[in-house]
Amino acid sequence: MTFHKGQRVEIFKKSDDEGWDSYMDEYVGLHGIITDPDTSINDPDALVEISLDQKGTHRFPQDCLKILEV
Amino acid sequence: MSEKSCPVSNTIAQLDGILQSNRVKNPKSRRIVEELRQLLNDIAWGRAGKDHLPSVESLSQELIDEETDSAGKETGSIVQSAVHDYRETIISHIVTHNCATGDCVRLVPAPCQMTCPAGIDVPSYVALIAQGHDDEAISVIRRDNPFPWVCGLVCTRPCEFMCVRGRIDKPISIKFLKAFTAERALSDRRYLNPPKESDKDKRVAVIGAGPGGMTAAYYLALKGYGVTVFEALPVAGGMMMLGIPRCRLPREVIDREVAMIEDLGVEFRFNTRYGKDITLKGLQSDGFEAVFLAIGAHKSFRLNIPGETDFPQVIEAIDLLRRAALGDRRIPGKHAVIVGGGNVAIDTARTCLRLGSEEVTIAYRRARAEMPADVEEVEQAEDEGVHLAFLTIPKAILGKDGRLTGLECIRAKLIKRDDSDRLFPVPIEGSEFIIEADTVISAIGQQIDLECLSDLKDLKWSRRQTIQTNNVSMETSIPGVFAGGDAVTGPATVVEAIGAGKRAAEAIDRYLSGIPQPKMPPVPVRRTRVEWMEVPAGTKMTLRRPEMPLLNLERRRTTFQQVELGYTENVVREEARRCLRCDICLRCGKCVEVCRDMMGVNALEFGFLNFDHPAPTDFRLTAERCILCGACAENCPNQAIRIIDRGDERLLSYCGTILNRQKLERCRECGAALDPPRYLEFLQKRTQNISPVIADRTRCRACARRRTAGVHVENAPAG
Chain A
1 MTFHKGQRVE
11 IFKKSDDEGW
21 DSYMDEYVGL
31 HGIITDPDTS
41 INDPDALVEI
51 SLDQKGTHRF
61 PQDCLKILEV
Chain B
71 MSEKSCPVSN
81 TIAQLDGILQ
91 SNRVKNPKSR
101 RIVEELRQLL
111 NDIAWGRAGK
121 DHLPSVESLS
131 QELIDEETDS
141 AGKETGSIVQ
151 SAVHDYRETI
161 ISHIVTHNCA
171 TGDCVRLVPA
181 PCQMTCPAGI
191 DVPSYVALIA
201 QGHDDEAISV
211 IRRDNPFPWV
221 CGLVCTRPCE
231 FMCVRGRIDK
241 PISIKFLKAF
251 TAERALSDRR
261 YLNPPKESDK
271 DKRVAVIGAG
281 PGGMTAAYYL
291 ALKGYGVTVF
301 EALPVAGGMM
311 MLGIPRCRLP
321 REVIDREVAM
331 IEDLGVEFRF
341 NTRYGKDITL
351 KGLQSDGFEA
361 VFLAIGAHKS
371 FRLNIPGETD
381 FPQVIEAIDL
391 LRRAALGDRR
401 IPGKHAVIVG
411 GGNVAIDTAR
421 TCLRLGSEEV
431 TIAYRRARAE
441 MPADVEEVEQ
451 AEDEGVHLAF
461 LTIPKAILGK
471 DGRLTGLECI
481 RAKLIKRDDS
491 DRLFPVPIEG
501 SEFIIEADTV
511 ISAIGQQIDL
521 ECLSDLKDLK
531 WSRRQTIQTN
541 NVSMETSIPG
551 VFAGGDAVTG
561 PATVVEAIGA
571 GKRAAEAIDR
581 YLSGIPQPKM
591 PPVPVRRTRV
601 EWMEVPAGTK
611 MTLRRPEMPL
621 LNLERRRTTF
631 QQVELGYTEN
641 VVREEARRCL
651 RCDICLRCGK
661 CVEVCRDMMG
671 VNALEFGFLN
681 FDHPAPTDFR
691 LTAERCILCG
701 ACAENCPNQA
711 IRIIDRGDER
721 LLSYCGTILN
731 RQKLERCREC
741 GAALDPPRYL
751 EFLQKRTQNI
761 SPVIADRTRC
771 RACARRRTAG
781 VHVENAPAG
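Quick note, the sequences are listed as chains A and B, same order.
Numbering of the first sequence is given in this note's numbering, commencing with residue 1 and proceeding in unit increments.
Numbering of the second sequence is given in this note's numbering, commencing with residue 71 and proceeding in unit increments.
Excised from the complex, chain B in its bound form (with noise of 0.2 Å):
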């Protein structure tokens, strides 16, 4: 093996290509190779532990001991030979998380990837998309989210924010482009889950419907568990299913894709409470061997003001949402308050608007800045006529004859404490006023139902009320109890307790093979690399993001209908050829600093390279000054920029974005292609003083050679 290349990932390669072949065919010795594959990836990525060179070591001895596999002792052969070789690496590999020659590294997720909770190859999906293959980008995004159309609906899509097209107009839109695409392929059912592996006759228990409880039976049952998911409510779904309204999220979109998970074998079992139906011993009794608690947040805090237990008419936000997803359509009153100013604050004001609630307040103790809501369902509650009071502090629930009459408030301002630049909001003195109102809804934030876990007496919690875990592995306490989502991390968004449920399942994978767990959490894995499609930088410039259109208000303020309506196919597919692709270009600036710096040339005016200070960019600037010498793409390390001669033309392209394309120089005796006039100028230019013979460049080699050859044997000295 060269000095070049790494062991690690060569011996991955090696193993990949002998899995990709089928050559090992005993189940067993299969199971052994994938199982050293996963070790070798943790060294890779710096996520092993001290337990995972003698691991590999003693696997690849047990599949050279395998008697009847003659490929299974070729390939543990192939891996005890690294390890014998290269034992210093792999254990720098382990020590250090360096890989000297960079080949670990080399596949770095985008910032995108990078950013998701769940770790979706994101640039992978977007190409795929831009091509039209809506099943292959699905299947893609579902080798790390078993939810794509939930997602492409209400993710809070953290990767757009740090998208770095953002950084040269606005970022691309991700959220909705998964959206699209997702119901393309899921809609005529086009798209079928990926085949399970061989059965591995263990069970498994996952307490909670949600997406974390769902993520990790989707990931589990594809590796052969047998999966029982114990659900409270008569529905799937969790907070994705009664936390949000069905105007952001229609039900039928999370029926679908839980009835995929159900098509893997998954069993579902409704209306069973953990600690009133089921209790750990019980499942255990059962035959179930890991069980994996994804409970949620469900729980409301209270405002703890007077009145509040003295009036049936003041409610929790989340009971509301839930009655309302169940189908009770009663309205909630006619003047609704809603205390708080999150999401759920928000899709509960929405709520009630199309319940019939004639005056709808969210009242918010701070400035519209520290709204934790996102911002565009802010803005959409308003568009729909949601009055929003801020720096308003809840002081008692006012009422008469059993009846809620109103919300007694208090102005407050915004101040800094000695001991923080945190701004606290403060009552003012005397500002006291009454919001008229017949009901009041408690949307201050969520929490664990502890009660529920009671029987779980050897369960560590958090001095934050959550479910202590060890973050990397997910296990509790409890040996063969892992938990995850918001039970672990309080109540956060559905994209980290899809991330959470995937990781538990590997977790799990690996409690019940015996392997040792990793040191490190998971970094994001690139899944493919798809190749680019060409765009002119002059289209690549002036694409804009599209706006989403919206249901009309009158619709929008009185049914549940869906309220983004969606982007069409053409707008789709534009949009994502507006990707840079950084799944290709890993931003080092060398094609900037060999063309400004080496050649003098400047060419590249690609300012988004720099992440923190993003400098103006604009390919089509390049054409202007670029001598198609190719520099930045033989000093390109990942092949990002490429330049090509394509019949009669070069072209220099920036993962597709076709930079410059210039017509080539034909040799004027035979009409073979030269290089582009402004090289051969550079060239002349670079060569006039050395090489004045061979100034004229207007000939290819062979007819300059031809040309010159008899001058040379005329001139050549005598003897």
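Here chain A stands alone, though its shape is the one from the complex (with noise of 0.2 Å):
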């Protein structure tokens, strides 16, 4: 999946990835906006920086992301 800048994305559930922190499984469920799609473009294995409604802006491994059809 490639990710860019302004897409609406979903948490759909947690990451196997080592970028995930326990703290962020209550973030599971909610949307955000792609702010940053990574920190050298087109890497797959980039943490993607979200704004995520009402919980502040976040990096996050991109196999837990689901686009939203806006």
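Treat the hints with care, since some could be wrong.
Simulated crosslink set (EDC-like; lysine to aspartate or glutamate; CA at most 16 Å straight-line) [as the list claims (entries may be wrong)]:
(1) A:Lys66 / B:Asp491
(2) B:Lys589 / A:Asp43
(3) B:Lys530 / A:Asp21
(4) B:Lys486 / A:Asp43
These are calculated hints, taken from the structure and not from any lab test.
Assembly of the complex is requested from the two constituent chains, each provided in isolation within its own frame, with the hints serving as guidance.
Okay, structure coming up:
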């Protein structure tokens, strides 16, 4: 999956990636907008930055994200 | 306490009042009150863990036990009785992150603030700029970011990307407003550092004088810690100083902001490399109780193509930028080729031009749409004469007699693979070509220099070769050692590093004070609620985002003078007035629903309220349809819509935007102010069937009563 700036996404599951911390479990089901696809674009392994509704801006592994059709 | 108010936010408000009134004089008690406030704030924002409530209880008991301080005792009792009376509600805040009253989310930050990695209260400082209060604006910014001027010039401005005004026309020019106000407030030294807390007699070592390290140093110094920053280079600034050319960020701007941090007593030790000149053991034996690693990511990735190590004219972008920043003005080559597509590649190309390269080419293996560099920086580089070669993969470095002569490249096409929708560049066979060059500069990314941390055997690393930390507390696998910035995230932005430095300072403070770390990362905090400025709807709609004036092209190609010349004062104040004040309007849409569905008027064309599918917005249309009934204002949960009578007018405003103003009808007998004609007409229509006797609404109540009282007596049934 490629993520672009401005896409609306859902954190639809926990990730097995080491970039996933236990507190992030509480973010599962939340929606947000991608503000930085990754630090070096087109890297499928990079953590992407998402501004979550009401929860601030954080970086997440890509495998826990689903693009929402808007 | 009424059921409608939240015991958590109510207790926080009480503690705020106690702290502001300075009633608790005993320093130890005061500190405990501050810690209690911090813990309750965590609870209010859903960041608390299982240790929070026991800590609140034990700290409040400690206050009560303090023999010499009656105000402290009283404060401890307030907290303890709140915990006693509302234990279940408080536990619900901690466990479910739910505040039934909504009080704890009342001050919901605006999207721009939520998006800022440093969590700056953008709407508040933009409002202060609109009012001309530059010092106060900088004071608000520096609550979350000690580098307002730097960020005003080089921030990647995620805030603007989320700006709700962008759903109407164009986002507010937040970055440039910040640059203007920082320049104003800091250049004439009107703005001063906030006062420090009392000395805690504890020392913290910060490794790295980049944005993350210096931000942590700033906030730790404010909290009363003795902070020493160790820097391998002879100057402070890190990537801000060495990775960004002066034409974008003048050195003096960094110097001025670093000086403000130094003014707080932060000590800088330059030319001191971690791993060589200092070690963790040494720092600990020198009395440092916590260490913050903010070493950045300064080591370039190699191109890994034949010939790369054969010629000294193959250089790393970061090296070139560092040399230029430190004063080396030698031309890197007449024909320079930079490999990469990020901001570092663009900055390197623009630096080469200014150092005197005649031809500068950026070779990037994907297309323009995939370039990670900031679009405006790319445009400026192209204007200056940088040539962009897309879909170009470097294949080999060519040379003769020890001199580099060119870069052999191969054309690429972008294809999708079966298992991914990602576009991959694939070489087109037989499409090799040579770009003539006498220097090739690698700008394909940076990584952390692992070697310098080799003494930290217990330090855990991620598989991305970054320091593994707890993302909330910034703690590494070594107790007392924290890390943040590029060393943890990989190469990221200045503002992300600043956000990490601020979080680290809070975490280190908690660590050294023995209070629990939060369970969740912080949510940006509203700093204030600035009164709005009144702006007519027509003005709000017609003001346009201004263009940034640029230095002329000739100078841009030859000097390191600042390219963006800045807005004028008039432009800044006008631009700030375009802000919609999303800190006040929560965009719930109740006003629109009430006006359209309940009143049947449909006067509010607020299409921007739908963030994902914005519809047209026109504040001017309200005046055409609105009857000034006030139903929208009455139903607004955050007083974003206000209806007031002023003089002989009734005004309806939305966060200061005057949507409608109409003259009030006067009582035909005594001249007292009534309602506007449209509203009277509306009332008349609504009540004509049930109350014909008061159908004439052009008299005030008193006059109407006087007029009809006699009739009532005459018509009253006898007896």
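* Report the numbers of all earlier hints that the structure fails to satisfy, in ascending order. => 2
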